[in-house]
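Asker: Line by line, the protein sequences are chains A and B.
Just so we're aligned: 177 in this note's numbering is position 177 of the first sequence, and the numbers increase by one with no gaps anywhere.
Just so we're aligned: 320 in this note's numbering is position 320 of the second sequence, and the numbers increase by one with no gaps anywhere.
In case anyone wonders, no lab produced these hints; they're calculated from the structure.
None of the values given here were measured: they were computed from a predicted structure.
Glycine included, each C-beta is placed from N, C-alpha and C at the ideal position.
The reader is advised that the hints may include incorrect statements.
[As the list claims (entries may be wrong)] Within a straight-line C-alpha distance of at most 25 angstroms, the following computed SDA-like cross-link-like pairs (lysine to any residue) qualify:
1. A:Lys244 <-> B:Gly106
2. A:Lys244 <-> B:Leu175
3. A:Lys142 <-> A:Ile132
4. A:Lys142 <-> A:Gln87
5. A:Lys161 <-> B:Pro310
6. A:Lys244 <-> B:Thr179
7. A:Lys244 <-> B:Leu180
8. A:Lys289 <-> A:Glu63
9. A:Lys244 <-> B:Thr177
10. A:Lys142 <-> A:Gln318
11. A:Lys142 <-> A:Ala269
12. A:Lys161 <-> B:Gln314
13. A:Lys161 <-> B:Lys333
14. A:Lys244 <-> B:Ser44
15. B:Lys333 <-> B:Ala81
16. A:Lys244 <-> B:Ile181
17. A:Lys161 <-> A:Ala147
18. A:Lys244 <-> B:Ser308
19. A:Lys161 <-> A:Ile132
20. A:Lys161 <-> B:Leu180
21. A:Lys161 <-> B:Gln311
22. A:Lys244 <-> B:Gly170
[To be verified] Derived list of chain A stretches under chain B, where covered just means 3 residues or more per stretch with a C-beta under 8 angstroms from a C-beta of chain B:
23. 188-201
24. 208-217
25. 231-243
26. 247-261
[Claimed, not checked] Cβ pair distances, simulated, as ranges:
27. B:Leu122 <-> A:Asp220: 41 to 51 angstroms
28. A:Glu186 <-> B:Ile317: 24 to 34 angstroms
29. A:Glu319 <-> B:Pro108: 31 to 41 angstroms
30. A:Arg105 <-> B:Glu219: 50 to 60 angstroms
31. A:Glu186 <-> B:Val184: 40 to 50 angstroms
32. B:Leu180 <-> A:Asp313: 31 to 41 angstroms
33. B:Ser224 <-> A:Lys92: 55 to 65 angstroms
34. A:Ala298 <-> B:Val326: 50 to 60 angstroms
What follows is the residue order along each chain.
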Amino acid sequence: MRRRTLLIGTAAGAAVMGLAACSEESGGGGGGDGDLPYIAIVSKGFQHQFWQAVKTGAERGAEGRATITFDGPATESDVEDQINMLQSAIAKSPAALAFAALDSRAAEGLLQQAQSQDIPVIAFDSGVDSEIPLTTVATDNKAAAAAAAEHMAELIDNQGKVAMVIHDQTSGSGQDRRDGFIEWMEQNAPDIELLEPQYGEGDQNLSANITKSILTSTPDLAGIYGANEGSAIGVIKGVQESGKDGDVVIVGFDSGQAQIDAIESGVMAGAITQDPVGMGEQLIEAALKAINGEELSATIDTGFYWYDADNIDDPEIQEALYE
Amino acid sequence: MSTTTTGQNETDQRPATGMTRHLRAGLQQLFAFAGLILIMIVFSLASPVFFTWGNLVGNMLFSTVVIGTLALGTTFVIITAGIDLSIGTGMALCAVMAGNFITTMGLPWQLGVVLAILFGGLVGLVNGLLVALAKLPPFIATLAMMMAADGLALVLSNSTPIYIDAETAGGFMQLSTGTLIPRVPNAVLVFVVVAVIAGIVLNRTILGRYTYALGSNEEATAISGVNVTRWKIAVYAFAGLFTGLAGVLIAARLGSAQPAIGMGYELQAIAAVVIGGTSLMGGRGSIVGTVIGALIIAVINNGLQLMSVPQEWQNVILGAVIVASVYIDTLRKRAASST
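Use the sequences and the hints to build the structure in full.
Answerer: The following block contains the structure:
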């Protein structure tokens, strides 16, 4: 009997340790650090290096001026997890709240609650379908995806079939990067045939499986577009495993070591990168302005770059890339 | 795979003759197999490229490997009337450990692979201790492990993917995408080998016999003098080895350990086991069934992708197939028991 109790105690201890590890993961700062304002940041996740780079930028921007916490669900399909994180962030009554919505509609109720508590809300990464955020600090994903389409069209001489592997159907960035690409193609490249977009949850393994199926059903595919880091890595793996490297033009999005390697080795033609570090810095900037009651413009564009083997070593590109 | 086709249930407590038991197990597998063939015929008619070597082996079988490997281990756990929800994130944790052993610690990749698989066994061992010694319900114990493994994978990787250096550990990537046999990816080969091993262990060893016994009637097994606690721990630990191997295989495919991958993989693996006719109530199931179940899922995903069916509908169809296959299995069992 005694022995069993002891074991349960151990199990509970292990569980507590697990919890402690989780909260440590959720970032520096903590709640109160004297007089500095506290900014709660709820991102879309940890899955990609992108979020780590945003976090780095935010920490850099907040140094000596604010304390921050940076939370995010494990994967970019955990909408509900993210909502819970948003809820606990609001419960801590931060001086400002920065939020990157996985599902731009699901958070509306909580954002209203934040508004009623006079917590200024800054949207970042993808827009939130709501009047509440004072500003949106984001890459113009539609314009960026259009640029990806333009480069793709040029690389395949404006003709042939092009496939899209997108990370999800529900987030603003997923929709904009799909629609921006499709709209540019429809308006400017009548001889390019777009296949039905496929969604790989940003999961490299799943995206690779999808890519191989597409390559099998459409052997004469001219190009394929991966709409975020995980999708693009999956596309690269799928093309390589199908033995089609060099036959298919790959255009990606974001960075990470696997994409950089693929561009340097020629497997991938190029990719669009956002400026995640700059995004982190600017969202802190916007939050501080909001706390001080300053006016903010409705959107703050953090910019994007096209990078390929020719310009990958340029300093401005290197600053935006992460490994 | 002929060694695994028998799948008989030697410790079945019912007073059935060996003959009818063989027949019953055989029928069940025949049924799932017929379903698989039927689906494949439909896709062959719908898409001219479906029934090609490149698609069947290079795409379809390859995409089964990770889920299939997880499903093999889970089959043992489910036959004991348990469940293992920790295999998805456990796989990510083992992938991270493989990355740590090979890249961070610079161990030879072969040693890293062995250690990562053993680490999976350790995760399974902890599950087994929680279930058999601490008497936690398997659902709760492995749910807790699922969360802990998810967090630990992020902690132990600093939340960043660990890349495997192609120069120093190129052989590691060959484990997945290399071709020892022409036109057969090594990952497929590995899966076939471990499926055979799993089949032999389940059907021909004492561990397999007690796996069935624990699920059929744990009390009777205990009364007959078997140390059920120890054997249950052994089953969970053994199943964990497959989680470790799946982690190695996914890291080898991606050339990196991705710490946040894996959530949701456990349900796909459990679906494969269930489609394969293994009962969640325990005592009944087979490795062949699980392999067929995993193949059915892979064929449906692959076939619908080839036909460019919008992805939303692929999941709906997969759900319908799970319901249909388990329902038909239920009807067949009812019919069998009423005669």
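Asker: Given the hint that Lys244 of chain A pairs with Gly106 of chain B, does the C-alpha gap stay at or below 25 angstroms?
Answerer: Distance of about 32 angstroms is beyond 25 angstroms: violated.
Asker: Tell me whether the statement that chain B covers the segment 231-243 of chain A is true, taking a Cβ distance below 8 angstroms and needing three residues at minimum.
Answerer: holds (count 5)
Asker: When you take the CB atoms of Glu319 of chain A and Pro108 of chain B, is the distance between them in 31 to 41 angstroms?
Answerer: Given about 37 angstroms between the Cβ atoms, the range holds.
Asker: Would the pair Lys161 of chain A and Ala147 of chain A pass a check requiring their Cα atoms to be no farther apart than 25 angstroms?
Answerer: Cα-Cα ~18 angstroms, so holds.
Asker: Look at the Cβ atoms of Glu186 of chain A and Ile317 of chain B and judge whether their distance stays inside 24 to 34 angstroms.
Answerer: With a Cβ separation near 29 angstroms, Glu186 of chain A and Ile317 of chain B satisfy 24 to 34 angstroms, so the hint holds.
Asker: So is the segment 247-261 of chain A in contact with chain B by the C-beta rule, three or more residues under 8 angstroms, or is the coverage claim wrong?
Answerer: That given contact holds, which follows from 3 residues of the segment 247-261 of chain A lying within Cβ reach (below 8 angstroms) of chain B.
Asker: Please work out if Lys161 of chain A and Gln311 of chain B have their alpha carbons no farther apart than 25 angstroms.
Answerer: Holds, at roughly 19 angstroms.
Asker: For a C-alpha distance cap of 25 angstroms, please report whether Lys244 of chain A and Leu180 of chain B respect it.
Answerer: holds, 20 angstroms
Asker: Between Lys244 of chain A and Ile181 of chain B, is the straight-line Cα distance small enough, at 25 angstroms or below?
Answerer: Answer holds: Lys244 of chain A to Ile181 of chain B is near 20 angstroms, not above 25 angstroms.
Asker: Would the hint linking Lys289 of chain A and Glu63 of chain A be met if the CA-CA limit is 25 angstroms?
Answerer: holds, 15 angstroms
Asker: Given the hint that Lys244 of chain A pairs with Leu175 of chain B, test it: the Cα-Cα distance must not exceed 25 angstroms.
Answerer: holds, 20 angstroms
Asker: Falls inside 40 to 50 angstroms, the C-beta gap from Glu186 of chain A to Val184 of chain B?
Answerer: holds, 41 angstroms
Hint compliance for this structure: hints 1, 4, 13, 19, 20 are not met, and every other hint is.
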